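Peer 1: Here are the chains, one letter per residue:
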Amino acid sequence: MTTTSLNHSGTGRTLRRERRDWRGWAFVAPFMIVFLAMIIAPVLYALWLSLFRDQLIGGNAFVGLENYADALKDSKFWESLWRVTLFLVVQVPIMLALALVAALALDSARLNGKSFFRIAIFLPYAVPGVVAALIWGFMYGDQFGLTASINDLLGSHIVKPFSSSWILPSIGNIVTWEFMGYNMLIFYAALKVIPTELYEAAEIDGAGQLRIIASIKIPALRGALVITTIFSIIGSFQLFNEPNLLKSLAPNVITSYFTPNMYAYNLSFAGQQFNYAATIAIVMGVITAVIAYIVQSRGSRTEDF
Amino acid sequence: MTTLTRSAAPVVVKPGATKRSRRPRRRRSVVLMIMMIVFTVYSVFPLLWLIINATKSQASLFSSFGLWFGDGFDLFSNIAQTFSYDNGIFLHWFGNTLLYVVFGAGGATLLATVAGYGLAKYRFPGRRAVFAVVLGAVAIPGTALAVPTFLMFSSIGLTNTPWAVILPSLISPFGLYLIWVFATDAVPSELLEAARMDGASEFRTFFTISLRLLGPGIVTVLLLTIVATWNNYFLPLIMLSDPTWYPLTVGLGQWSAQASGVGAQPIFNLVITGSLMTIVPIVIAFLFLQRYWQSGLAAGSVKQ
Amino acid sequence: MKRSTRPAVRRLVTALAAGAMIGATLVGCSSGGGTTSGSDAKTGMAAVDAALKKGGTITYWTWTPAAKAQVAAFEKKYPKVHVKLVNAGTNTTEYTKLQNAIKAGSGAPDVAQIEYGVIPQFALAKSLVDLKTFGFDSLKKDYASGPWGDVTVDGGLWGLPQDSGPMAMFYNKTVFDTYGITVPKTWDEYVAAAKKLHAANPNAYITSDTGDPGQTTSMIWQAGGTPFSVKGTDITINLQDSGTKKYTEMWNPLVEGKLVAPIPGWSDDWYKALGNGTIATLLTGAWMPGVLESSVKDASGDWRVAPMPTYDGTPVNAENGGSSEAVIKQSKNQALAAGFLRWLNDSKQSVSIFVEAGGGFPSTTEALNSSEFLDAAPEYFGGQKINQVLVEGAKNVLPGFSLLPYQLYANSIFGDTVGKSYAANSDLNAGLKSWQKQLVDYGNQQGFTVTGK
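Read top to bottom, the protein sequences are chains V, F and G. Anchor point for the first sequence: position 276 equals 275 in numbering that gives the first Met the number 0, and the numbering is continuous, going up by one each time. Anchor point for the second sequence: position 205 equals 204 in numbering that gives the first Met the number 0, and the numbering is continuous, going up by one each time. Anchor point for the third sequence: position 263 equals 262 in numbering that gives the first Met the number 0, and the numbering is continuous, going up by one each time.
Source of the hints: derived by calculation from the structure; they are not laboratory data. All values derive from a computational prediction rather than experimental measurement. Cβ atoms here follow ideal geometry from the backbone N, Cα and C, with glycine treated the same way. A few of these clues could be false.
[Claimed, not checked] For lysine-lysine, the following DSS-like pairs were computed, each having C-alpha atoms within a straight-line distance of at most 27 Å:
#  : chain 1 : residue 1 : chain 2 : residue 2
1  : G       : K102      : G       : K125
2  : V       : K246      : G       : K41
3  : G       : K140      : V       : K75
4  : G       : K432      : V       : K75
5  : G       : K257      : V       : K246
6  : V       : K159      : G       : K419
7  : G       : K257      : V       : K72
8  : G       : K436      : V       : K246
9  : V       : K246      : V       : K113
10 : V       : K75       : G       : K436
11 : G       : K102      : G       : K41
12 : G       : K257      : G       : K419
13 : V       : K72       : G       : K195
14 : G       : K452      : V       : K75
15 : V       : K246      : G       : K419
16 : G       : K41       : V       : K72
17 : V       : K75       : G       : K102
18 : G       : K140      : G       : K41
19 : V       : K159      : G       : K41
20 : V       : K159      : G       : K257
21 : V       : K159      : V       : K246
22 : G       : K436      : V       : K159
[What the hints assert, rightly or not] Just a sample of chain V residues kept apart from chain F, beta carbon distances all over 10 Å, derived:
#  : residue
23 : F61
24 : E65
25 : K72
26 : V89
Generate the whole structure from the sequences, applying the supplied hints.
Peer 2: See below:
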C-alpha cells in the first residue's frame, strides 16, 4: 500500500513545489482522531494486554513475551492458520476466477440483458453474513434440508455438507456466494474504463476476442486484481461469522479453533484468556499485514514493466 | 498507466457514455448467455429458497419440501407475526439498524470523504504515514480487538448504548482509499488554484466545488458503508446486552438461538421471514443508486 | 383486583417477616458477615423485606419465556419496585455478556439466570452474592434436594432454583408400536431396541446424538460416575472412572454402529425428526414436555414418558439442564435483588406462572407435590399423567455429582475432543481422555491445582 502513495506523490508534482503546508491536516484530522480512538487505542491496549497473564485463580501478572512464545508453539493456532491458508489458496482463486469470467462476459458485446445479470449476481452481497449463514445452514441440512432431497435424487447419501471432508468447501461456497458478485463488479468497473481505441486498434490488427482478453483486458485489470486479492486474503484470514454460525450444525467438525479468529474469540469468551487471545490477534494481524504487503508489492512491481 | 488514470475521470462522470455506441454490433453468444444464467441461478437460488420458505408456517416448515410451497400461503401472517412478536421488537430492531446506518455509515462517509480529499489535494507532513497506518490497521482481526474495545468502552460507560455500535463503524479505511483515489482525478488541482485566487477559503472551496465533483465516489462509499453497518453483527453482539438496542442481524441471531434448551421456542418461520425483510430495504437501496456506485467503484479499482 | 390481592399481600408480608426473623438469627450464628444494605442496618431477611418496602429499580437478565408475566405480577405486588427485564441471550450468549460486564466492572444486571452447570464457575470467580447473607439457607425446605444441591457450592448458596431437570426417557409410542418394540427398562434392552428399530427402518433411530457436553455428563452421572471432584481450587478429573466406563461401554456400540441419528440437537432438522418419527426416544430433562407440546405439534399424541433405563434394575437418575437465578455481586442494591429473587423462585404465585408458561419443570416441593400438577394428563402425551413419572424420577437423582468451576470452557472444547470420537464413529473413551487432558492443562494454567487420574 505504501507504494500506492508513492505513485500519487508522482502525479502531484506541481503541488510538491509549494512550501510544506499543514492545511491538509484540517481535513484529515477528524478521521484520524476517530481512527486513533477506535482502532489504534484498542490495538495498543491489546499489545499491553498481551504482556500479561490473568488467571482465574491467582490474579494478573506481567509475563513479558511469554504469550508470544506460547503462541509460536501452539499447535491449535498453527492448525487454524493452516486451515485458513488452505481455504485461501483454494477459495480465493476460484471466487476471483468466477468473478472475472462473469465480468468479462458482462463486458462482452455479445450478451443480452446485462443490467439484469449484473444486479442479480451482485444481490448476495447485500445479504448480511448472518442471514447468509442461516439460509445456507437450512439448505445444507442433510436429513431433511435441501441436501437431503439432492441425496434422494442421487439415490445415495453422497453430499454431506457438514462432514469433516465437506465442511471447508461448504463454507467456501457460502463465502463465494456472498462475494463473487462484489468482485465481479469491481472487475467490470475496471473493464469499462479501458479506452475503446485500444480494442479498435487490436481489431484492425486482426486480434480475436480471446486475444483481446489476454493482451488488453487482463493486463488492464491488474490493479483491480491486486486489490480484490488483498481484500480476499484479509477476509479469509479473518474468517469468523460463517463457521461460527454453522458450528451449532456441525459441532464436531468445526472445532473451537477452526480459524484463528474463532480461536481468539473462544480463548477470550469461553476460556477467559483475554491476554493470550490478544496475543493471537496481534500475531495474526502481523502475518496478514506481511502477506498483504507482499501481494501488493509484487502486483505493483510487475506493473512497472 | 497514465492513460488509464486520465480516462478514469470523464468515464466516472458519465459511465460508459460513448463506448458502446462506437462498437459494431455483434451476434449474440449462446454460450455466454447460458453461462450467465448459471451464475444467476447460483446467486439467486438461496434467495428464492428464502422467499419460498417465508410463505410457510412453523409447522409447515417442518413438514414440507424445502424448494416448493407448503400447504398454505402464510407469507402475510408470517410478516404480521414478525412485526408483532414480543411486542413488535422487530420494528424496534429495524429502527435501531436505521439509526446505526444513518449515523454510522453517514458519519463514516463524511469522515472518509473529507480525509480522502485532504490526502489527495494537500501535501502535508505525515501524509504518507497516515495512509500506511490506516491500511496496516485493516489487517488486524476486528474480532480479536473486540475485547480491548469492549473493556475501553465499558470503562467510559459506552457499552450497551448506541454509541458502542456507531463510533467504531465511523472508520472506513477502504472508503478513505476510494475517495482519495477518486479525488485525485475528479477534482482538478487547477480548479482549486483558481478558487484560491478568487480568495475562497479551503473549506468553502471544498463544499462549493469539490463536493459536487466527488459525487459518484461519495455515493459508492456511502453504499459500501451502509452495507457494512447494515450487516454488522459481531460488534453489536459483544457491545449490547439489551435487546432494545439490537440491530436486525443480532436480533435475528437471537431469534434463531432461542430454539434451544429449556423453554425452547423455535420460531424458524419468523427467522426466515425476518431475514427476508432485512434484505429487502438494502436491495432496494442498491437498485436505486446503482448508476452512481458502479462508476464510483471503477475509479477505485483502476488506480493502484 | 386490587382489593382481592391486598389481604394476600398482608399475609405474605407477615409470613415473610416471620421467615426473616429465623433467617436473621441464622445469619447471626453462621457467618456474622451479613451485608448491611441501605441506611437501616438490618441484616438477613429483614434487610430484604425493608428493601422491598423501600423500592427501587433492578435489572433482571433471563431468557425464560415466563419472565414477562412473572415480572408483571411482581411489580403489581411491589409497586415501588421496578424490574427492568432484559433477554440478554440464551445461555452461553448471556454468560459471555455477564462475564464481560463483570470483567469490565460495570454493566452487569442485579439478578441473572444461570444454569446449574455454570453456577460453580461464577461462584468461584466471586461474581455472585452468597445468599446465606440474607438468610436464604432457611428456604432449603421449599425445594427438591437435587436442584438445591446444584446451587450450593463450597458451602455457599449462590442462587435459588428456578426449574429442574431430572432425567426421563421420552419415547414415541407410535414408532414403538409400529416396530413391535417394548419400552426398555434397562440399557441392555435400550441398545437392543436401537438395533431392532434401525434394522426395521434404516431411516429411524433410537435417538440422536452428535455429542453434547451436558448430555454426556448427565449420562455419566446416571451411570454413577463422578468424573469431577472439586474442593475449592483443588480439582480431580477422572473421565475414566467406573461410572464413566459403564456409560461408554453401553453407549459405544450405538455410536460405533451408527445407531444414533447424526442430527444436532435443536436444529430445524432435529425438530423435524422429532415430529416425523425419525427419532424414537429422548433421554433428557423433565422440562422437555413444554418444548414438545409447543414446537413438535405434528407428533401430538405420539409421545410418552418412562423412567430412565437402568444398568442393573435399581432405579437411578441424574439431572439434565435447569436454571437458577442469582444475585450478581456488582449489584448496587443486593437486598432488593434478593427480595425479587425470593419472590421469583420461592413464591407460589410466581412458580405457577412459570409452570403455566411452559417454562420448565418446577423445583419447589410445593409445586411438585400439588395435586393439580401431579394429576395433569396432557392430551399431547395421550392422557398420560406424565408428571407423576417425572416427579418419581426426581427422587432417584444420585447425590454427589459436580461439574467444573470452568465448565463453560470445558463445554467449548467438548466438540474438539469427544466430538472427534463422534465424528469418526469410534470409541468415546479416546475422546474423553483427550478432553480430560486439555481440562487438566487449562485448569493448572488458570491457577487451580488439577490432578488427572
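Peer 1: Tell me, which hint numbers fail for this structure?
Peer 2: 2, 3, 7, 9, 11, 13, 16, 19, 22
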